[in-house]
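Colleague: If you read the sequences in order, they're chains A and B. Using this note's numbering, the first residue of the first sequence is number 1, and each one after it goes up by one. Using this note's numbering, the first residue of the second sequence is number 1001, and each one after it goes up by one.
If you're looking for bench data, these hints aren't it; they were derived computationally from the structure. Fair warning: this is a prediction, and the values are worked out from it, not measured in the lab. Where hints are given, some of them may not hold.
To be verified - Here are some of the chain A residues that sit facing chain B, going by a computed Cβ distance under 10 Å:
1. Asp73
2. Arg87
3. Ser96
4. Phe226
5. Gly252
6. Asn271
Unchecked claim - As a list, the in silico DSS-like pairs of lysine-lysine whose alpha-carbon atoms are at most 25 Å apart:
7. A/Lys37 with A/Lys50
8. A/Lys209 with A/Lys256
9. A/Lys256 with A/Lys189
10. A/Lys245 with A/Lys167
11. B/Lys1073 with B/Lys1083
12. A/Lys241 with B/Lys1073
13. A/Lys245 with B/Lys1073
14. B/Lys1017 with A/Lys256
15. A/Lys245 with A/Lys189
16. A/Lys138 with A/Lys167
17. A/Lys245 with A/Lys118
18. A/Lys189 with B/Lys1017
Think of the CB as a built atom: it goes at the ideal place given N, C-alpha and C, for glycine as much as any other residue.
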Amino acid sequence: MKRTPSKTVLVIGGGIAGMEAAARLRQLGLQPILVEKSDHLGGHVADWHKLFPDMSEAAALVEKGAAALDGVDVRLSTEILFVNRLRSLYNVMLSSGSNVQCGAIVVATGFSLFPAEKKEEYGYGIYDHVITNADLEKWFNTGEDPRVTDDVRKVGFVHCVGSRDLKAGNTECSKVCCITAIKQAIEMKEHFPEAEIYCFYMDLRLFGKRYEDYYIKAQRDYGIHFIRGRVSEVGENIEGKVVVKAEDTLSGRPVKVTLDLLVLMAGIIRNPDPLPYDRRGRIPPKQRQSRGHHRI
Amino acid sequence: MDFGFSLSQSSTVNLDKTDLSLFHRVHEIEPDVAICMACGSCSATCTSSEFTGMSLRSVILDIQRGRQEEARKMLSGCMLCGKCSMVCPRGINTRRLILTLGRVFDGEDRNTRRDIRKEVRK
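Pulled out of the complex, with its shape left as it was, chain A reads as follows (with noise of 0.2 Å):
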């Protein structure tokens, strides 16, 4: 095919948002380009086991975002090494060692999982039996996770772990967290249905579609427990189990509880923009002095 540069876009970022708006791009007749820069697409839903608030499949979304690529020009395992601005085009490199000239530039960088083990109060990466929201999902699909015992009676989730709080540097909610906490707690149930599962949260929030009924889905149908108070502090008993204690904050009283197991909600961080936007909020024009290989 050839390669108009006004008519190409280059997408970065080969996750859902990025695959998506790659294949509407493509439906308009111009010609994306999907930079990804580790070896598969999906992003962070490609680690993911099911999906809410419908449980589907995690791994059929990616599939089908993937199968929408067709004629997109996909490359993995690349990375933005600079950009800047031409008349009316940007020059992008590539660490593959192509340039590439495009109209218009999509950033779909999306997000980090913030590392829980900065929450050190938790114990994530101290005590036996704490894993996150990322961890109990690859156990979901793996089944391995010598911190998931076989006879799990008792776990808790504890919202907001390095979201809305300004200490761990993150003021910004997640917005995903509540109803993904809400969606492991009833897959937890469905794995363990002997077990009684607590939700430690500030406040839920369930904007979106259909979340508001799978919130009572999970306290009707599934018993789950919701006690209105931030962790203040876990810790393992001789048994190596996790206690964990917290306000009540609904009955003014101090809560205490022992867990088989402790998921933390990790939050989202955004990942840093890659263009390089000067102070005008623009990309700067080619330099003059940059000669090389890249030069037009």
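Given chain A's structure and the hints, the job is docking chain B onto it.
Modeller: Relative to chain A, chain B alone:
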């Protein structure tokens, strides 16, 4: 020996020792007991709360935390006017829930559970 002082009991809710059997029994008959989100509408509109301290929200929370006696005591302050069922945003049939709670507290639920289910189906 009397030292002239005493120790007060810890107010901590210890979920390890909490007996949830009563809550589970109520939940089985009235699944909607679990969907209360503690908004407080029922307590705010309660006609007898001013006189008896009745608060359905607290009753539901108490049985979820194993404080059966407190719940039972508070429940006796209800005069079954049913105003709370008009304001509940979750659509809980609060009046029926209170009646069920009364039956469960009296241990009558074991015999009447089938009858109540029949009634619910109507």
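Colleague: So which of the earlier hints does this model not fit?
Modeller: 1, 2, 3, 6, 8, 12, 13 and 16
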